[in-house]
Structures are given as C-alpha cells and as structure tokens.
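Okay, here's what each chain looks like letter by letter:
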Amino acid sequence: MAVLDLASILGLILCAVLVVYGIVFGNPIDYLGNFYDFASILITFGGALCCVLIMAPDLKTFFKYLKSFTLILKVQKINEEETIRQIIALSNIARKEGLLALEEAANSIDDDFLKKGVLLIVDGTDPELVRSILETELNCIEDRHAEITGFWDSLAAMGPAWGMIGTLIGLINMLRQMQNPETIGPQMSVALVTTFYGSMLANWICIPISTKLKSKNASEIMVKELMVEGLLSIQAGENPRVIEEKLKSFLSPARKAAFSQEEGGENIG
Amino acid sequence: MAVLDLASILGLILCAVLVVYGIVFGNPIDYLGNFYDFASILITFGGALCCVLIMAPDLKTFFKYLKSFTLILKVQKINEEETIRQIIALSNIARKEGLLALEEAANSIDDDFLKKGVLLIVDGTDPELVRSILETELNCIEDRHAEITGFWDSLAAMGPAWGMIGTLIGLINMLRQMQNPETIGPQMSVALVTTFYGSMLANWICIPISTKLKSKNASEIMVKELMVEGLLSIQAGENPRVIEEKLKSFLSPARKAAFSQEEGGENIG
Amino acid sequence: MAVLDLASILGLILCAVLVVYGIVFGNPIDYLGNFYDFASILITFGGALCCVLIMAPDLKTFFKYLKSFTLILKVQKINEEETIRQIIALSNIARKEGLLALEEAANSIDDDFLKKGVLLIVDGTDPELVRSILETELNCIEDRHAEITGFWDSLAAMGPAWGMIGTLIGLINMLRQMQNPETIGPQMSVALVTTFYGSMLANWICIPISTKLKSKNASEIMVKELMVEGLLSIQAGENPRVIEEKLKSFLSPARKAAFSQEEGGENIG
Amino acid sequence: MAVLDLASILGLILCAVLVVYGIVFGNPIDYLGNFYDFASILITFGGALCCVLIMAPDLKTFFKYLKSFTLILKVQKINEEETIRQIIALSNIARKEGLLALEEAANSIDDDFLKKGVLLIVDGTDPELVRSILETELNCIEDRHAEITGFWDSLAAMGPAWGMIGTLIGLINMLRQMQNPETIGPQMSVALVTTFYGSMLANWICIPISTKLKSKNASEIMVKELMVEGLLSIQAGENPRVIEEKLKSFLSPARKAAFSQEEGGENIG
Amino acid sequence: MAVLDLASILGLILCAVLVVYGIVFGNPIDYLGNFYDFASILITFGGALCCVLIMAPDLKTFFKYLKSFTLILKVQKINEEETIRQIIALSNIARKEGLLALEEAANSIDDDFLKKGVLLIVDGTDPELVRSILETELNCIEDRHAEITGFWDSLAAMGPAWGMIGTLIGLINMLRQMQNPETIGPQMSVALVTTFYGSMLANWICIPISTKLKSKNASEIMVKELMVEGLLSIQAGENPRVIEEKLKSFLSPARKAAFSQEEGGENIG
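For the record, the sequence lines run as chains A, B, C, D and E. Going by the UniProt record's numbering, the first sequence wraps up at 269, each residue one higher than the last. Going by the UniProt record's numbering, the second sequence wraps up at 269, each residue one higher than the last. Going by the UniProt record's numbering, the third sequence wraps up at 269, each residue one higher than the last. Going by the UniProt record's numbering, the fourth sequence wraps up at 269, each residue one higher than the last. Going by the UniProt record's numbering, the fifth sequence wraps up at 269, each residue one higher than the last.
If you're looking for bench data, these hints aren't it; they were derived computationally from the structure. Errors might be hidden in some of the hints.
25 Å max Cα-Cα, derived BS3-like pairs, lysine-lysine [unchecked claim]:
1) D:Lys216 - E:Lys64
2) A:Lys115 - A:Lys96
3) B:Lys67 - C:Lys216
4) E:Lys77 - C:Lys64
Model, not experiment: these values are computed from the prediction.
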C-alpha cells in the first residue's frame with residue numbers, strides 16, 4: 001500500500017483551514033455564506049475546467065489528468081541508495097558468472113525500466129543501441145509527465161482568468177442598474193467572489209500540484225539516469241568499485257557519507 | 001471523414017453556456033443585452049484582428065491561419081501502435097525480399113512522410129542523407145505548426161490589450177463629461193464590456209486553441225520521430241524484434257503492455 | 001520597386017480607423033479632442049523614445065532602428081521555389097562543366113549570400129570552411145535582425161511604462177488639489193490619456209512590427225539555410241535529383257506538390 | 001567559524017528599518033499598530049507556507065529548505081586564487097614524483113570535491129571516466145541548489161498571491177455589510193494589510209535570498225569547473241605553467257594581474 | 001580619454017526634462033513640490049537598494065556594481081574593421097617570418113585578449129588548448145558582465161515593488177484614520193508618489209542601463225569571437241585572403257562593402 005504524503009496532505013488541509021479562519025475571524029461580522037455563490041462557482045471552476053477540456057486530447061485523457069491529483073497524496077517510492085546497491089549486486093553477478101547470468105537476477109527486479117535494461121544486456125544488444133533505447137524511453141516518460149504538469153499549469157492560468165471574467169460580468173451588470181445605492185456593496189462583494197475562487201483554484205490547488213509533480217518527475221528521472229549509467233557500466237564490464245564510485249556521484253554529500261558507512265558496515269558484517 | 005473531437009467541441013460550447021448563465025443568473029436583474037455593444041465589438045475584436053493582420057505575411061496566409069481553428073474540431077488520426085506494426089511489416093519484407101521489395105509496399109502507405117522515407121531507402125540513398133532529409137522535413141513541419149500557434153498566441157495577447165484600450169477610451173470619454181451622475185454607472189458598464197470581450201477572446205478561444213494545436217503537433221512529431229528511427233533501422237538491416245523493442249520505447253507502459261499482448265495474440269492466431 | 005505589403009498597411013490603417021470610431025461613436029457625447037493632450041504626448045511618446053535612445057549604441061543607429069519601420073510595408077522578395085531551381089541549375093552546370101564553370105554563372109545571381117557561396121566553391125575552399133564562413137554570416141545576419149526587433153520590443157515595453165508614469169503624474173497632481181469636485185472627472189480623464197497613448201504605441205505599432213520583422217527574419221534565414229545545404233551538396237558533387245529531393249524538404253506539402261508538378265511540366269515543355 | 005555576510009545582514013535590517021520608518025513617519029498620525037493584524041498574518045504567511053509545504057518532498061526537507069535562510073548570513077569561503085595555487089602545487093608534485101605521490105597530498109585538501117578528484121587520478125581511473133564522474137557530481141550539486149532556490153522562488157510567488165487572497169476575503173466581507181460608512185476605511189485598511197505582508201515576504205525576504213543563493217551557487221560551480229579543468233590537466237601531465245595559464249582564464253583581469261604579480265613575488269622570495 | 005556616449009546622455013537628460021515638464025505643465029495648478037516627499041524617497045529608493053544589497057556578494061562588489069552606471073556614458077571603443085586589419089597583418093607576418101615573429105608584433109597590441117592569444121600561439125600551444133583557454137576566458141567575461149546586468153535587472157524589479165510597498169503603507173495609514181475627508185486626496189497623492197518613484201527608477205534608469213550594457217557586451221563578445229577565429233586561422237597557417245574572407249562574415253553588408261573598398265584603396269596606395 002502506498003504511504004501517504006504527509007507534507008502534501010497537511011499543506012492542502014491547513015490552507016483550507018486558514019482561508020476559513022480568514023473568512024470567519026478576519027472581521028467579527030463575517031460568515032462563510034458570503035463566500036458561497038452557485039453562479040460564481042459555475043463560471044469560475046466551470047469555465048476553467050471547460051477550457052482545459054478544450055485543450056485535452058480526448059475526454060478519457062482529461063479525466064486521467066484530473067485523477068493525477070491523487071499522485072501528490074502518495075509518498076514516492078524512490079530510493080537511490082537501494083538502486084545503487086541493486087546495480088552493484090548485478091555487476092558482481094555479471095563479473096563472476098557472466099552477462100547471461102543476469103537473466104535470472106532480472107526476475108527479482110521490481111522496476112520495469114531497470115528490468116528492461118538488464119534484459120537488453122542479456123540479449124547481447126549493442127551498447128550504443130541499449131543507451132539509445134533507454135534514453136528514448138526516458139524522453140517519452142518525461143514527455144508524458146510534462147503533459148500532466150502542463151494540464152495543471154493550464155488550469156492554474158485559467159482559474160484567475162475565469163475568476164476575472166466572472167467579476168467583469170458581475171461589475172457590468174451591477175453598473176448598468178445602480179438605482180439602489182445600498183445594493184452596490186453586496187453586488188460588488190458577489191462579483192469579487194469569482195476572483196477569490198479563481199485565485200484559490202490556482203494557488204491552493206493547481207500550482208502546488210504542478211510544482212510537486214515536477215519535483216517528483218525530477219527525482220524519478222534522476223534515478224532512471226543513474227540506472228542507465230549503471231547498466232552501461234555493467235555491460236562494459238567495469239569494476240564494481242568503480243561503478244559504486246560513479247553512481248555515488250548522484251547522492252548528496254550527507255547521503256554519500258551514510259551510504260559509504262553502511263556499505264563499510266556490510267563489508268565488516 | 002474526419003471524426004469530431006468531442007473534448008474540444010464540448011469545452012467550447014460549455015464555456016459559452018456558462019458565460020451566458022453567469023450573465024443571466026449571476027444577478028436576477030441582469031440580461032444578455034448588457035453585454036452587447038457594437039462599438040465595443042469593433043474595437044476589441046477588430047483591433048485584435050487588425051494587429052495580427054499586421055503581423056501576417058500576407059492576406060491569404062492570414063485567412064489560412066484563421067481557418068486553422070477547424071483543426072481542433074477534428075480528432076487527430078495518429079496511431080502509434082499501427083505505425084509500429086507497419087514499420088515491423090516493412091522490416092520483415094526488407095529482410096526477406098531485400099530493400100528493393102519495399103517499393104511495392106510503399107504504394108499502400110498512406111502517410112506521405114513514411115512513404116517518402118521508404119522510397120529514399122529503395123533509391124539506395126546514403127543513411128546519413130536519409131536522416132538529414134527526414135529531419136529537415138521534420139523541422140520544417142514544426143516551423144509551420146509554430147507559425148500557426150504563434151498566430152493564436154498573438155491573438156490571445158492582443159485580445160485583452162485591445163479590450164483595455166476600449167475600456168480606456170470609454171473611461172476617458174465618461175470622465176470628461178460627468179454632468180449627470182446617474183449615467184456614470186451605465187457608461188462604466190459599457191466601458192468594461194470591451195475588457196470582458198478581450199478576456200473571452202483570449203481565454204475561451206485563443207489560448208485553448210493554441211494549447212491544443214501545440215499538443216497535436218507534439219503527437220505528430222513524436223510519431224514522425226518514431227518513423228525516422230524505424231526507417232533507419234530497416235535500412236541498417238536490423239532484426240525486426242530489435243526494431244519492435246526500440247519503437248515500443250515510444251509507448252506509455254499501459255500501451256506497451258497492450259501492444260505486446262496483442263502482438264502475442266496475433267502470433268498465436 | 002518593392003511591392004507594398006497589403007496585410008501590414010491594411011492592418012495599420014484599420015486599427016487607427018477602429019480607434020477613432022471607438023472614440024467618436026463609443027458614446028454619443030464624445031469627441032476626438034478628448035484624446036489630444038500635448039503634455040501627455042510628450043511624456044508618453046517622448047519618455048518611451050528617450051529610454052530606447054539611452055539603450056541605442058549611438059544616435060545614427062537609433063534613427064536606423066526607427067527607419068526599420070518601413071521594412072514592414074514592403075513585401076519580402078523571398079521565393080523558395082525559385083532558389084531551389086537556381087541551385088539545381090547550378091548543380092547541373094557544376095556536374096557537366098566542372099566547379100570552375102560556376103564562376104560565370106555566379107555573375108547572374110542577385111542574392112549576395114548565394115553568390116558569395118558559389119565564389120567560395122569556385123575558389124576551391126575547403127567544404128568545412130565554406131560551411132563555417134556561411135554559418136558565421138548567417139549568425140551575424142540573425143544578430144543584426146535581433147538588434148532591430150529588440151529595439152521595437154524595448155519600445156513596446158517602454159510605451160505602457162511611460163503611459164503609467166504620465167497617469168501617475170496626473171493623479172498625484174489631481175489628488176493634491178481637489179478643492180473643486182467638478183474638475184476631478186476631466187482631470188482623471190486627462191491622466192488616463194497617457195495610459196491610452198502608451199497602450200496604443202505598444203499594441204498598434206511596436207508589437208506588430210516586432211512580430212512581423214521576426215517572421216520575415218525566419219523566412220530569410222530559412223532560405224539562406226536552404227542555400228547552404230544546396231551549396232555544400234553542389235560542392236560534394238551530389239546528383240541534381242538528390243539535391244532537389246533534399247531541398248524540397250524545406251517546402252510545405254502543398255508547395256512541394258506544386259513544385260514537382262511544375263518541374264514535370266517544364267521537363268515536358 | 002563562518003564569517004558573517006555584512007551585505008546580506010545590513011540589507012535585511014535596513015529594509016526593516018525603512019519600512020518601520022515609512023509606517024511611522026510617512027504620515028504624522030500613523031502608528032505601527034495599523035500594520036499588525038493576527039488574522040492577516042495567518043492567512044498570508046500561513047497560506048504561502050502551507051502551499052510550499054504541499055510542494056515539498058516531505059516535512060524534513062521542508063524544514064531543511066527553511067533553514068537554508070541562514071546560508072545567506074555567512075560569507076562564502078571561496079577563493080579562486082588559492083584553488084589555482086593548490087592545483088599548480090599538485091601538478092608540480094605529480095610531475096616530479098608521479099601521480100601516486102598525490103595520494104599523500106590529497107590528505108591535506110579540505111575541499112571534498114577536489115580531494116575526490118585527486119584520489120580518482122591516483123587510482124589510475126580513465127580520464128574520460130574522471131571527467132564523467134566529476135561532471136555528474138557537479139550536475140547533482142547544481143540540482144540540489146536549484147531545489148533550494150526553487151523553494152524560495154515558490155514562496156516569493158505565493159506571498160503576494162496569498163496577500164491578494166487575504167485582501168479579497170477582507171473586501172468581500174466588507175462590501176457585504178456596509179451599513180456603517182465610517183467603518184469602510186478601517187476595514188479596507190485591514191484588508192490591504194495582507195497585500196502588504198505578501199509583498200514584504202516576497203521582496204524583503206524571498207527574492208533577495210533566492211538571488212543571493214543563485215549567485216553563491218554560480219561562484220561555487222565556477223570554482224568546481226576550474227578544479228575539473230585543473231585535475232584533467234594534471235592527469236594529462238600538462239606543464240604547470242600551461243595549467244596556470246589555463247586556470248587564470250577563470251579570473252577577472254584585475255584579479256589575474258594581482259595573481260600574476262603575487263606569483264612573481266613568490267618566485268623571487 | 002573616453003568619448004562621451006551622446007545617445008545615453010541625451011536620453012537620460014531628456015527623460016528627466018520630460019518628466020519635469022509633465023509634472024509642471026500637465027496641469028496648470030501643479031508644482032514640482034508635489035513630487036518631493038522624503039519618507040517616500042527613503043522607502044522606495046532605500047528599500048530597492050537594500051534588497052539588491054542583500055543580493056550582492058559583499059559591500060565592495062555592491063559599490064562596484066553601482067559604479068557600472070558610468071559605463072553607459074562612454075562610447076565603446078570597438079572597431080571590428082580595425083581588428084580584422086590587425087589580424088590580417090599578423091597573419092602576413094606569421095606567413096612570411098614564422099609564428100615566432102609574432103612575439104615582437106604582440107607588443108604593439110592594445111587588446112589584452114588578442115595579445116594573450118598571440119602569445120599562446122608563439123609559445124607553440126596546442127590549437128585545441130588555445131581555443132579552450134580563449135573560450136574559457138570569453139565565458140568568464142560574459143559571466144562577469146551578466147552579474148552586472150543582473151544587478152540592474154534586480155534593481156529594475158525592486159523599484160516598482162518597493163514603490164508599491166510604499167503606496168500600500170500610505171493607503172493603510174490613510175484608510176485607518178479618515179476623520180477628515182478633505183485630507184484623503186493629498187494623502188493618496190503622497191501614497192502614489194512612491195509608485196511614481198519606483199516606476200522612474202526602473203524605466204528611466206535601470207532598464208535602459210541594463211539593456212545598453214547587454215548590447216555593449218554583445219558587441220564586445222562578437223569582436224572577441226572574431227579574434228578567436230582569426231587567431232586559430234593564423235595558427236593553422238591559413239592564407240591571409242581566406243582569413244579576410246572569413247572575418248568579413250562578421251560585418252554587415254554595408255560595412256563589408258566599405259571595408260573591401262578601403263582595402264582595395266590601400267592595396268593601390
């Protein structure tokens with residue numbers, strides 16, 4: 001089961017709490033009802049969603065994009081150290097028992113990308129071709145991720161835009177019929193609610209999701225680049241110690257030190 | 001006949017419905033007439049279109065750009081899996097009957113780009129030259145697409161700009177003659193209508209079209225890059241299984257799995 | 001004589017007509033005089049021009065930049081098909097009579113860039129050096145064009161900035177002396193005129209010019225890249241049919257078809 | 001002990017002094033209390049922090065990012081000249097006593113990156129591999145730094161966004177209940193305080209920190225690139241004078257002259 | 001002595017004249033005093049300067065950046081034609097008397113970069129190393145220039161930001177104490193003065209300086225790239241006529257024609 005991502009969930013909920021607090025306590029005479037207006041919800045959220053619907057390749061993809069929201073709630077299962085250890089283990093097998101012995105080892109690999117790479121090596125594929133196939137795969141993964149973050153970026157731009165359109169509609173209507181000066185305030189208040197909705201949609205939901213997904217993508221691509229380097233080194237028959245040195249370059253100084261220590265411990269044990 | 005693109009059409013229509021809803025029901029005393037003003041339409045849409053007309057290479061190209069609107073209404077006929085199968089079939093022919101046998105096969109190819117590539121191979125063109133010719137073609141396709149999306153991006157920028165110019169004109173006129181305080185509201189209302197028009201032009205029409213066309217371009221270029229890789233592999237006489245492995249890197253994991261299964265099924269059948 | 005560029009001229013004039021229309025008919029009691037204010041003209045246009053004057057390398061270059069305005073009024077004399085035909089003709093001469101025979105042919109070439117390339121080939125310059133010289137020339141042409149479009153981009157940014165500065169000056173003065181409430185409207189009206197001027201300067205003049213010049217630059221560079229490819233193919237002694245195939249990659253499908261047909265027709269004729 | 005960074009500390013404090021001055025003396029009847037509002041603090045700072053919390057990989061990293069604030073208070077201990085001297089000394093050792101003699105010298109090197117490079121050379125690692133390992137390390141350092149500056153950039157964008165959301169909440173509440181015209185001013189005043197907070201968060205704290213960290217990163221990467229060049233030159237057995245000439249290219253003219261003079265002085269002494 | 005840069009000085013002064021004109025004559029009852037407010041000056045200019053102080057590496061560099069203002073007042077002493085002539089002369093010497101004869105010629109070269117390049121050639125440095133050393137130097141020059149323009153860009157962004165902060169402070173204070181409606185106008189007027197200051201700082205000073213320095217940097221880098229090309233051609237022993245042809249690619253058509261004519265004249269003379 002996927003572990004929940006505390007940072008994202010906490011941030012999402014606290015934001016909502018703060019806004020409700022601001023609405024209720026910012027001014028003693030306020031109440032949440034001021035911020036509920038059905039027509040405003042329709043024009044802002046509806047308008048923004050319709051526009052990203054226009055941009056979507058098809059309806060199915062549109063809902064797939066929307067569902068990507070859940071991705072930020074789960075902790076990413078990426079462990080650079082574990083991957084490095086796995087690659088070093090593979091390089092030891094290859095050195096001792098030959099490249100063909102990797103076929104059996106490949107069965108216990110969870111990561112599809114690493115598995116595919118190992119099988120390409122076992123098949124005796126040309127190193128240049130291995131790199132080309134894995135890099136094409138990497139580029140296509142990045143393209144697919146960029147499509148999803150592009151969806152949230154578009155929604156983040158459309159939210160405030162439709163919020164402003166809603167406010168313009170409210171203002172134009174209000175200004176046309178100003179017979180009763182007492183209703184001007186409440187009418188402007190309702191007109192501004194769409195701007196509020198649009199701003200919340202962008203800043204509370206879309207921008208954080210997009211940024212988080214971009215950061216998750218960067219981590220994933222980094223581990224996959226580490227795999228490509230490791231696989232090509234295994235195929236070239238490089239020394240496991242050199243491979244370890246090479247792959248440790250991907251770690252931060254603190255994690256590098258921890259990794260080396262642990263490795264040392266394992267060597268002793 | 002081209003299949004209609006439900007996502008684009010639905011989004012476009014729903015947006016308009018939502019805006020009309022916002023105009024009519026946002027405030028019980030409103031009516032659509034508040035949002036119709038001939039001078040405002042002229043200054044906003046006219047101004048924005050005139051400015052992109054200045055930017056256009058010539059009148060004919062300007063209308064061609066405007067007509068590209070219809071592109072987003074049709075579903076793109078791109079099928080990566082079909083293309084991969086076609087290339088594998090071609091590679092089987094080339095392996096069994098030689099590169100010259102591809103000439104006949106080329107006749108049944110619909111895609112002009114793939115056909116041109118196959119004919120270049122049949123002509124015995126140098127692989128480096130084949131890649132160079134196909135990549136020049138790819139770059140020129142991208143340049144032409146970028147011109148069209150650039151047109152919609154310019155219009156998306158000009159819409160709000162001319163909306164603001166229209167509002168400025170209205171405000172300057174209104175402020176100069178404020179004898180009657182009762183007309184201030186309606187006059188400001190009319191002044192704001194141009195801002196509303198400009199914002200709708202950008203957010204309802206131009207930005208979604210531009211984003212959709214960019215995404216369609218990305219899909220098309222991706223399939224064409226897949227073709228280039230496949231064609232060069234055929235010319236190099238690579239093994240059809242290796243070519244399949246290589247081209248499958250362009251697919252997402254889900255489609256990759258579906259493709260492999262289907263292939264397996266075909267093999268059995 | 002240069003042919004006038006209808007799209008640019010029409011767009012420029014129509015824009016002005018629309019603005020005058022908006023000023024005069026947007027509100028029955030308006031008149032153009034509201035939009036003429038000498039101090040506003042000085043501060044907006046003067047301020048913006050002075051700032052791009054600060055940026056200019058020297059006074060002479062500043063006026064050269066301003067004069068580049070006339071470039072958008074003339075239709076660009078670029079004809080890819082004609083250039084391709086010219087290069088194929090040159091390659092036929094080179095094939096039949098040798099590279100030295102190109103010297104005579106060079107005399108009838110109008111385009112300086114193509115001429116220089118042909119003469120470099122005649123001189124027996126090393127192919128690598130030919131490419132390097134022509135690409136340096138291409139880069140320097142792009143740099144010079146980028147300077148000019150940069151000038152219009154700077155002016156497009158300075159227009160609204162000085163318009164806002166003018167409006168701020170007007171507002172600050174007005175707010176300090178508000179004894180007579182009846183003058184507030186007209187004074188604000190005058191203050192807003194500078195924002196109107198700045199917005200017109202950017203959206204009516206500078207942005208369209210800059211975009212048009214960028215598009216003209218792209219066409220010119222594309223034809224020159226086509227020339228470089230063609231020249232290097234001639235020097236490499238490639239087959240005229242292969243050269244044609246290569247250069248046709250620069251054309252759009254429609255123009256490619258038209259070109260092939262025409263060529264066929266010529267062959268018959 | 002780290003030396004304090006006078007420029008950063010002075011700037012940070014002076015900014016606060018100026019704002020307090022502006023608040024207190026900008027208008028004789030003002031007082032700091034106008035600018036303290038608990039709900040406003042919560043919504044602006046809380047909202048902005050919650051949103052960057054959503055973006056953070058996990059809680060621990062979030063606090064690590066926040067703590068990076070202290071980095072700008074310390075002067076960076078980077079000394080290009082010292083590094084160049086160190087590398088020349090190493091190249092002299094390598095020339096006279098062989099590459100293996102560098103192992104002992106490596107012990108006295110403080111910088112981990114330089115030390116790792118020297119040890120790779122001592123191990124007889126292939127030059128291409130040395131460059132690849134060091135450049136991977138360099139890229140990963142840059143990626144980690146970019147994550148931190150990205151955090152401050154996100155906070156700089158979220159500050160004004162949540163300031164505006166707070167102001168919208170205040171305005172919507174105020175406009176709904178405008179029975180008492182006398183309270184409109186103070187209520188709008190409170191509503192604007194969040195915009196003030198957001199603007200201060202971005203312009204006083206986040207943007208300067210982000211810019212400073214980017215500049216520190218650039219200096220660090222530059223010295224590390226200098227080390228890579230130097231290490232590869234040592235491994236290639238280049239002449240120490242040539243190495244000095246090469247590495248001096250990284251210095252500004254003034255520092256280059258000072259360095260040469262000093263070196264000359266040392267040679268004499 | 002450096003020649004004064006008329007374009008920059010004229011532009012800077014005219015801008016100030018125009019603003020004073022706008023302040024004094026924009027409205028008959030205005031006077032310059034409306035635009036002087038000590039607290040506003042402190043908060044806008046002080047705040048912006050403090051923030052770029054936070055970003056500066058140290059106090060000394062901060063003042064060095066500020067002093068770079070004077071750079072735009074001096075005409076740049078760059079003469080591509082003169083440099084080309086100098087390089088052709090050097091190539092003639094190298095051809096006739098050998099590379100070593102360049103040592104004496106190097107003494108009469110003013111430009112440090114060209115001199116260093118010639119001396120590297122005289123020392124018999126490997127061509128690849130000469131290119132690498134000169135390009136490192138070129139990159140470091142660009143980095144140093146980018147730091148300075150980055151300083152002015154940061155100040156250009158901080159000016160309007162602190163102008164807005166000052167205006168917010170003024171508005172918040174004013175709105176809190178609105179007992180006397182007659183003081184609202186003048187108080188808002190003072191509040192807006194900071195926005196005016198910030199906008200002037202950015203648009204009158206910082207953006208023009210930054211743009212001018214970027215254009216000066218581009219010219220300088222272009223001449224230095226011309227030098228690198230020339231030096232490597234000299235070292236490769238290329239024909240002076242070919243070198244001239246190569247370097248003339250850096251000139252615009254008009255200057256190329258003028259240069260060739262002059263050269264012809266010299267040959268005759």
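Subject >> Numbers of the earlier hints that this structure fails to satisfy, in rising order >> reply: none
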